[in-house]
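Student: Go by the hints and put chains B, C, D, E, F and G onto chain A.
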Amino acid sequence: MALKPLGDRVVIEIIEESEQRTAGGLYVPDTAKEKSQRGKVIAVGSGKTLDNGSKVAVEVAVGDTVYFAKYGGTEVADGGVTYTILSERDILAVIG
Amino acid sequence: MALKPLGDRVVIEIIEESEQRTAGGLYVPDTAKEKSQRGKVIAVGSGKTLDNGSKVAVEVAVGDTVYFAKYGGTEVADGGVTYTILSERDILAVIG
Amino acid sequence: MALKPLGDRVVIEIIEESEQRTAGGLYVPDTAKEKSQRGKVIAVGSGKTLDNGSKVAVEVAVGDTVYFAKYGGTEVADGGVTYTILSERDILAVIG
Amino acid sequence: MALKPLGDRVVIEIIEESEQRTAGGLYVPDTAKEKSQRGKVIAVGSGKTLDNGSKVAVEVAVGDTVYFAKYGGTEVADGGVTYTILSERDILAVIG
Amino acid sequence: MALKPLGDRVVIEIIEESEQRTAGGLYVPDTAKEKSQRGKVIAVGSGKTLDNGSKVAVEVAVGDTVYFAKYGGTEVADGGVTYTILSERDILAVIG
Amino acid sequence: MALKPLGDRVVIEIIEESEQRTAGGLYVPDTAKEKSQRGKVIAVGSGKTLDNGSKVAVEVAVGDTVYFAKYGGTEVADGGVTYTILSERDILAVIG
Amino acid sequence: MALKPLGDRVVIEIIEESEQRTAGGLYVPDTAKEKSQRGKVIAVGSGKTLDNGSKVAVEVAVGDTVYFAKYGGTEVADGGVTYTILSERDILAVIG
Numbered sequence: 001m002a003l004k005p006l007g008d009r010v011v012i013e014i015i016e017e018s019e020q021r022t023a024g025g026l027y028v029p030d031t032a033k034e035k036s037q038r039g040k041v042i043a044v045g046s047g048k049t050l051d052n053g054s055k056v057a058v059e060v061a062v063g064d065t066v067y068f069a070k071y072g073g074t075e076v077a078d079g080g081v082t083y084t085i086l087s088e089r090d091i092l093a094v095i096g
Numbered sequence: 101m102a103l104k105p106l107g108d109r110v111v112i113e114i115i116e117e118s119e120q121r122t123a124g125g126l127y128v129p130d131t132a133k134e135k136s137q138r139g140k141v142i143a144v145g146s147g148k149t150l151d152n153g154s155k156v157a158v159e160v161a162v163g164d165t166v167y168f169a170k171y172g173g174t175e176v177a178d179g180g181v182t183y184t185i186l187s188e189r190d191i192l193a194v195i196g
Numbered sequence: 201m202a203l204k205p206l207g208d209r210v211v212i213e214i215i216e217e218s219e220q221r222t223a224g225g226l227y228v229p230d231t232a233k234e235k236s237q238r239g240k241v242i243a244v245g246s247g248k249t250l251d252n253g254s255k256v257a258v259e260v261a262v263g264d265t266v267y268f269a270k271y272g273g274t275e276v277a278d279g280g281v282t283y284t285i286l287s288e289r290d291i292l293a294v295i296g
Numbered sequence: 301m302a303l304k305p306l307g308d309r310v311v312i313e314i315i316e317e318s319e320q321r322t323a324g325g326l327y328v329p330d331t332a333k334e335k336s337q338r339g340k341v342i343a344v345g346s347g348k349t350l351d352n353g354s355k356v357a358v359e360v361a362v363g364d365t366v367y368f369a370k371y372g373g374t375e376v377a378d379g380g381v382t383y384t385i386l387s388e389r390d391i392l393a394v395i396g
Numbered sequence: 401m402a403l404k405p406l407g408d409r410v411v412i413e414i415i416e417e418s419e420q421r422t423a424g425g426l427y428v429p430d431t432a433k434e435k436s437q438r439g440k441v442i443a444v445g446s447g448k449t450l451d452n453g454s455k456v457a458v459e460v461a462v463g464d465t466v467y468f469a470k471y472g473g474t475e476v477a478d479g480g481v482t483y484t485i486l487s488e489r490d491i492l493a494v495i496g
Numbered sequence: 501m502a503l504k505p506l507g508d509r510v511v512i513e514i515i516e517e518s519e520q521r522t523a524g525g526l527y528v529p530d531t532a533k534e535k536s537q538r539g540k541v542i543a544v545g546s547g548k549t550l551d552n553g554s555k556v557a558v559e560v561a562v563g564d565t566v567y568f569a570k571y572g573g574t575e576v577a578d579g580g581v582t583y584t585i586l587s588e589r590d591i592l593a594v595i596g
Numbered sequence: 601m602a603l604k605p606l607g608d609r610v611v612i613e614i615i616e617e618s619e620q621r622t623a624g625g626l627y628v629p630d631t632a633k634e635k636s637q638r639g640k641v642i643a644v645g646s647g648k649t650l651d652n653g654s655k656v657a658v659e660v661a662v663g664d665t666v667y668f669a670k671y672g673g674t675e676v677a678d679g680g681v682t683y684t685i686l687s688e689r690d691i692l693a694v695i696g
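Protein chains in written order, with the working numbering: chain A, 1 to 96; chain B, 101 to 196; chain C, 201 to 296; chain D, 301 to 396; chain E, 401 to 496; chain F, 501 to 596; chain G, 601 to 696.
Be a bit skeptical, because a hint or two may be false.
Unchecked claim - Derived DEER-like restraints, expressed as beta-carbon distance ranges: (1) Val56(A) x Ala561(F): 50 to 58 Å; (2) Val381(D) x Ala461(E): 22 to 30 Å; (3) Ile615(G) x Glu17(A): 33 to 41 Å; (4) Val162(B) x Gly363(D): 31 to 39 Å; (5) Lys570(F) x Thr449(E): 19 to 27 Å; (6) Ala2(A) x Gly353(D): 54 to 62 Å.
Said to hold, decoys possible - Derived coverage of chain C by chain D (criterion: at least 3 residues anywhere in the stretch with Cβ under 8 Å from a Cβ of chain D; other residues may be distant): (7) 203–209; (8) 255–269; (9) 278–291.
To be verified - Straight line, CA to CA, 16 Å or less: simulated EDC-like cross-link-like pairs of lysine to aspartate or glutamate: (10) Lys604(G) x Asp64(A); (11) Lys133(B) x Asp51(A); (12) Lys648(G) x Glu16(A); (13) Lys335(D) x Asp364(D); (14) Lys333(D) x Glu213(C); (15) Lys633(G) x Glu513(F); (16) Lys104(B) x Asp290(C); (17) Lys535(F) x Glu516(F); (18) Lys104(B) x Asp264(C); (19) Lys433(E) x Glu313(D); (20) Lys548(F) x Glu613(G); (21) Lys155(B) x Glu16(A); (22) Lys148(B) x Asp290(C); (23) Lys504(F) x Asp690(G).
In short, the hints are calculated from the structure, not lab data. C-beta: ideal position from N, C-alpha, C; glycine also.
Isolated chain A (complex conformation) (with noise of 0.2 Å):
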């Protein structure tokens, strides 16, 4: 596969977690707070062009572990493959 994301986009593909429940079964959410997910970088954009013109390159490199917002970005089917691409900002955080 050969993503190439425009901009500050970033290809990411999905972590899945099992999600967590208690002892009965049943799913219970913390609190009201938006949820997150991980995965893993597959391919980042050029960055993004400032008002200025000139590039500000994306934090975020090629394998790291990261950590977005749940229901972010949008899903692209490619080579029978299910990435998510989204914008750098709604990248949280990078797993050191």
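Tutor: Okay, now just chains B, C, D, E, F and G, sitting in the frame of chain A:
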């Protein structure tokens, strides 16, 4: 045909895909994420004008195959063909 | 007529099109995408003023045939003719 | 009267028009597009202040007849006359 | 009283007007446009800070009579008098 | 207590006021305008960072009595006292 | 754990508080204002990139105790602990 898109707009010809169906014939969407669509770039505009007056060339080129958000853009029926015109910022990735 | 649009506005005379109908006479829209309309450019403004005070000339010229979003713009009935005035950013493409 | 509008605002006196009616007396709007109104420019402000601190003079002049969006602006009843005050960006075109 | 408004804010004392009524006593609004209100400027702020760090002085002065949008601003009851504090951009015109 | 607000934020201790009531005991609001509240400035942030990277100091100082919009800000209960933290732009005026 | 937040984001571990209750056991909210939450800063991003391309360092530091709006941020469950990741602009104040 000679459609010259304005600014950072791009003229796309959509590549129709067969929907993913289960053996039983039902379409099963994976998640609640926004879906994407594939298309071929037919024409590109001269680029976006920044606040300092300079132009930023469009990152995609005529002939590129790209992914873009499924419900984005405006339809133009020109010369018997239906095109989608969208801003470059609605294009997610180029398929390399 | 002498309508002088302000800023980056453009005066358009709409080119009426016959709607696409099936053999049975029903209109069948292709998709849920926004539709476009064709028109002829009658007059253009002096351009948009950037934040640094300079003007950016409008990309279209009087006499151009253009596509624009179907529900955009404001109607002006002037001298017995109905024109549509819209911002240049609502014009999608020039037909070359 | 001496109304001095602020910034890029313009004081307009509306020119009342007879509505278009069918022979049977019913008003038949052409389309779903926004409608416009004609008026005479009575006073103009000193212009908009850009982010770099410079002023951009208003493009219309006292005495101009202009078209503006029908439901824009704020009414001011001053000295027995009702004026409409609107931002220059709500004026569509000058009638030359 | 000594109210010092912040930034581009202006302290206004409203001039109450008798509503226009028909002979039969009913209020008849002219149009669907937003209505305005008259008031006297009691105090003005030091002005708006632009993105380049410079200040733009307020265009109105203490003692001016101004028109502003009827439902704009916030009420402050200070020393037994009710004032309206609004941003200079909500003032439409000065009565010269 | 030592609350250090961030950016252009200000920590306020609200000054409770008795509501205006009629002789019959009913509260009669004057108008439909937004209401304000009085408070004392307890701490101020280091100021807002402009797009050019410079800081703009906050216009109010510790000890000032200010008016601010009644429903603005976020409550912080710290050391048994409830404070309201709001952005300087939500402060209307200083009582001199 | 090694969560490296992006841009001006901050990783927070929430400090749970007992809710205020009346003698009778009922929670009585003071006002309609937004509520806040206390937390400890676990990691900070490299800062926000301004439009001129320079970086502004985050104002809070690892180990700080901060107040932030109760319903802000996104939850990340990492290494058995639930963190909240939020933008620095959602942090109200540091407890000194």
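Student: Within 16 Å, alpha carbon to alpha carbon, are Lys535(F) and Glu516(F)?
Tutor: 14 Å, holds
Student: Quickly compare the C-alpha distance for Lys335(D) and Asp364(D) to 16 Å and report which way the hint goes.
Tutor: Violated - the C-alpha atoms of Asp364(D) and Lys335(D) are around 20 Å apart, more than 16 Å.
Student: Mind checking the hinted window 50 to 58 Å against the Cβ distance between Val56(A) and Ala561(F)?
Tutor: Violated: the Cβ-Cβ distance is about 37 Å, outside 50 to 58 Å.
Student: Would the pair Lys648(G) and Glu16(A) pass a check requiring their Cα atoms to be no farther apart than 16 Å?
Tutor: 30 Å, violated
Student: Is 22 to 30 Å a correct range for the gap between the Cβ atoms of Val381(D) and Ala461(E)?
Tutor: Given range 22 to 30 Å: holds, Cβ gap about 25 Å.
Student: Does the alpha-carbon distance linking Lys333(D) and Glu213(C) stay inside the 16 Å limit?
Tutor: 14 Å, holds
Student: Do Val162(B) and Gly363(D) keep their Cβ atoms within the hinted range of 31 to 39 Å?
Tutor: Given range 31 to 39 Å: violated, Cβ gap about 50 Å.
Student: Does the Cβ distance between Lys570(F) and Thr449(E) fall inside 19 to 27 Å?
Tutor: 25 Å, holds
Student: Within a Cα-Cα threshold of 16 Å, do Lys633(G) and Glu513(F) meet the stated pairing?
Tutor: Answer holds: Lys633(G) to Glu513(F) is near 14 Å, not above 16 Å.
Student: Tell me if chain D covers the segment 278–291 of chain C under the three-residue, 8 Å CB rule, please?
Tutor: Our answer is that it holds, as 4 residues pass the Cβ test (under 8 Å) against chain D, meeting three.
Student: For the pair supplied as a hint, Lys433(E) and Glu313(D), confirm whether the alpha-carbon distance does not exceed 16 Å.
Tutor: Answer holds: Lys433(E) to Glu313(D) is near 14 Å, not above 16 Å.
Student: Would the pair Lys604(G) and Asp64(A) pass a check requiring their Cα atoms to be no farther apart than 16 Å?
Tutor: Holds, at roughly 11 Å.
Checked against the numbered hints listed earlier, the structure breaks hints 1, 3, 4, 6, 8, 11, 12, 13, 20, 21; every other hint is satisfied.
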